[in-house]
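Here's the letter readout for the chains.
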Amino acid sequence: MTDARSEILQAVRSSLDLGEQRSASRVALVEKRISESEAHVQPLVEDPLIQQFCDKHAAVHGTYERVAGLTEVPSAILRHLTAKEIPIELLVGQGELLDAVLWPSDMSVEKRPATVDDTVAISEAYAGIAETGTLVLLSGQKRWTSHNFLPDDHIIILDSTLIVRHQEDIWTRLRALPDGLPRVVNLITGPSKTADVEQTVQYGAHGPRRLHLIVVEG
Amino acid sequence: MTQAATSTAVFKSKAREALSDPALQQAMDRAKGGFVGARRISIENLAEFDSLRDTARDIKDHVLNHLDLYLERYERKTIENGGHVHWAQTAEEACQIVKKICLDADARLVAKGKSMVSEEMGLNRVLEEAGIEVAETDLGEYIIQLAGESPSHIIAPAIHKTREQITELFYKNHKRHGFSEQVTRREAIVNEARSVLRSVFARADVGITGANFLIAESGANVIVTNEGNGDLSSTLPRVQIITAGIEKVIPSLDDLSTFLRILGRSATGQEMSAYTTLYSGPRREGEVEGPTEYHVVLLDNGRSAMLAGRYRSMLRCIRCGACLNHCPVYSAVGGHAYGWVYPGPMGSVLSPLMQGFEQSYDLPNACTLNGRCNDVCPVRIPLSDMLRSHRFEQYRRNLNPWLGRRLLSLWAWFVRRPRLYQGVIALPVWLMNRFGREQGALRRLPGAGGWTGSRDMAAPEKRTFQVQWQAKRDNGR
Amino acid sequence: MSDTLKKPTVGLFVTCLVDIMRPRVGFAAVKLLEQAGCEVEVPRSQSCCGQPAYNNGDEVNSLAIAKQIIKVFDQFDYVVVPSGSCAGMFSEHFPRLFRYELDWLYRAQRMAAKTWELTRFLVEVMRVDSVDSCYPAKCAYHDSCSGLRELGIREQPRQLLSLVKGLSLAEFDDRDVCCGFGGTFSVKYPEISTRLVSNKVSDLAQTSADTLLGGDLGCLLNIAGRLRREGSATKVFHIAEVLAGMADGPGIAEPEDEA
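Protein chains in written order, with this note's numbering: chain A, 9 to 226; chain B, 14 to 490; chain C, 3 to 261.
One-sided excerpt, in silico: chain C residues whose CB lies under 8 angstroms from chain B: (1) I22; (2) V44; (3) A55; (4) N58; (5) N63; (6) Q70; (7) R151; (8) Y191; (9) R228.
Derived by calculation from the structure, the hints in this document are not laboratory data.
As the structure is a computational prediction, the values presented were derived from the model and not from experiment.
Backbone N, C-alpha and C define an ideal beta-carbon position, used for all residues, glycine too.
Based on the sequences and whatever the hints tell you, model everything.
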């Protein structure tokens with residue numbers, strides 16, 4: 009008895025009018041196409057990349073601050089949250105930079121998945137893409153995807169040396185990971201939004217209302 | 014919410030209704046301006062846009078030529094990632110597969126991200142009949158779910174709703190969630206929906222989304238969204254289901270980047286959506302967050318057949334909606350007139366193929382063949398040519414209204430005999446000139462009520478060009 | 003235009019709408035072509051390009067009509083048509099019609115290669131650089147969809163109009179949106195067609211142009227018909243009439259003897 013899978017594949021093959029259906033040469037062609045995959049046409053992206061990246065991020069309603077070093081991160085976070093009068097109750101994800109941050113004792117910092125009641129999460133980006141002002145965040149044991157979507161405020165720390173020019177530069181890096189792609193690769197460009205009400209953009213549809221970036225240089 | 018099958022009667026009467034619905038007209042005007050203008054600006058800023066379109070078209074054509082192998086490769090990788098892949102030949106089969114996954118998982122509540130394929134399947138009704146609550150979480154889908162309607166646009170499902178109508182819907186339906194005020198400001202509307210739907214994400218047992226792309230290289234599933242509901246539906250519930258047409262597979266991540274560059278711009282004028290996410294299976298070892306079950310349901314529903322013929326390039330479609338936004342007919346009558354889940358030019362191509370030619374008579378005919386859709390399609394699908402092909406198919410199957418067909422045959426009989434034709438038209442021309450020349454036009458013309466109902470018909474000259482030309486020649490110019 | 007030993011021969015395809023509804027457009031086209039240095043003939047054995055059959059799915063009649071046209075126009079150097087949609091039918095669709103009839107395909111391709119819409123012909127082939135015409139008014143030009151999209155006609159008519167003394171040109175908003183004619187569409191889906199032409203009329207009003215010009219009589223009859231019904235005084239002419247200096251009489255849908 010044939011199952012849906014065989015029938016669909018058979019239907020596809022007969023539509024393609026294939027003589028030798030699963031010929032070795034076809035299989036090799038497909039494998040080659042994938043393994044030798046390269047970037048196609050890419051838009052021009054001007055230097056300097058950091059400023060290009062920040063400008064793009066701001067153009068999609070993101071805010072940012074550039075700081076000279078890791079030690080300035082807590083104060084940058086504090087500045088951002090106090091300016092918006094947001095309580096300093098932080099959820100923090102894992103990352104090389106974030107793990108090395110010395111959090112002031114009066115800051116409430118928790119490292120766990122987010123719930124609907126959490127208001128602020130801090131994540132570390134895997135990379136930034138200058139072409140579109142996009143942040144790349146990977147899921148992990150201590151990098152909870154819920155941080156990227158549940159709280160009203162999302163703050164992302166980005167090492168400026170991890171800003172690449174084009175999106176394809178990210179794929180090259182990800183392909184080199186020992187376990188391949190993680191469960192989730194988030195490409196985040198600005199805060200959550202919708203234009204479903206009268207074609208007018210509103211922020212904070214389901215994800216964060218505000219996306220703040222702290223670019224760590226040096 | 015499933016929609017009755019497309020039918021001739023539906024289109025004409027719904028179109029008429031739509032044309033005299035001021036709220037709908039206002040909404041369509043606003044939408045048309047928004048999407049069209051935004052797209053134009055975004056592509057003006059990208060010199061490489063046309064070149065990207067060619068590349069995208071070529072990638073899709075290549076995949077379609079080897080669709081079987083790319084699907085097998087995608088499946089193998091997804092299984093390696095710990096996911097399950099299910100295949101469904103028909104919409105009904107696909108619904109049953111999803112239902113079984115939900116029932117086996119003891120699901121009470123499903124959180125749905127936007128999926129046009131799930132609308133094509135008619136999934137919600139099947140799940141609801143099985144006692145499972147289905148909560149649409151995309152704001153536009155949520156609004157139409159409350160209204161008991163089907164989507165009228167593939168990107169902005171509630172595009173036909175005005176703010177007042179949304180306020181009304183929320184006021185009626187949110188009382189049970191503890192909201193008792195009428196919210197009129199857009200910001201407040203969005204906030205209220207956000208609050209109401211938050212608990213859905215937290216409580217849902219299953220999250221169902223569509224897929225914009227399936228990556229054969231690594232077995233990833235990609236969703237391109239702005240709100241975040243698709244992502245919340247894919248992370249918080251314990252079961253993740255992705256419904257996708259078999260034509261969604263692309264070879265590699267580099268190919269994805271090409272498509273992303275044209276998708277956002279073509280759809281909404283965005284360089285990049287707020288959230289473009291690649292999902293690769295259930296939670297990994299040591300992770301405490303993410304679904305423990307990951308299922309991909311691949312739907313055929315006529316796509317393998319489309320591969321065989323003149324409609325193959327329709328399978329390139331990346332569901333951006335640009336053709337809808339630029340179609341003057343769609344802009345005038347809105348999406349519901351098309352009677353099914355796919356409206357506008359792409360719907361007029363798909364509905365006859367998926368729902369049957371008999372049911373969808375009007376769709377390919379309610380088109381001026383102006384070709385603006387072809388101009389804006391990011392993967393260069395020759396949409397208006399396909400609509401004409403549908404007309405050839407309809408003629409072959411004798412689906413045309415009897416009178417129109419007879420008149421056209423009669424007309425063609427004369428046209429093929431030009432001298433006879435010229436003889437025969439002399440009298441009607443003379444008559445039209447006789448009755449119309451004083452005003453310059455006729456306000457009424459028997460048999461042409463479709464025209465003269467709303468337009469004057471210019472009066473011709475007394476004699477046709479050929480008659481005048483011959484007379485001049487005979488008299489020596 | 004450089005001197006040639008022999009004048010190019012042009013077979014004029016009049017189009018059914020010009021033939022029936024506004025013959026003076028045909029005479030204007032002949033005048034322009036002769037002034038440009040062509041030898042013009044108008045074969046008697048012509049009626050219609052066949053679009054109504056073609057666009058309604060009638061393959062048999064489309065083929066028969068096409069074969070007739072190809073035979074009749076075989077002898078000319080050029081086939082010139084004062085309509086984007088009919089010219090497009092010959093140059094884009096005839097070859098497609100004959101894709102399964104290889105012997106006719108060659109002939110269809112030959113016809114396609116020598117078919118030109120009037121304004122494109124005057125600009126690109128005959129390189130007309132002056133016209134004997136004066137039309138001091140503000141005009142708006144309507145681009146027909148087939149002319150625009152199938153034949154790339156946009157700049158050529160405007161270039162020709164710039165040669166007309168006194169004429170100023172205004173551009174519409176949404177100028178690449180269909181006027182709603184679409185051949186039989188206009189009578190099969192009249193309410194939608196009416197909506198589209200009303201939009202076009204209100205876009206036209208925004209330009210405050212006195213005159214609407216275009217290269218396709220179908221579109222012009224549609225828009226003029228709606229203008230009259232709405233009581234507008236805007237004049238409507240086919241571009242050939244203005245270029246040939248034959249636009250001093252009544253416009254489309256205007257009474258013959260005007261005060």
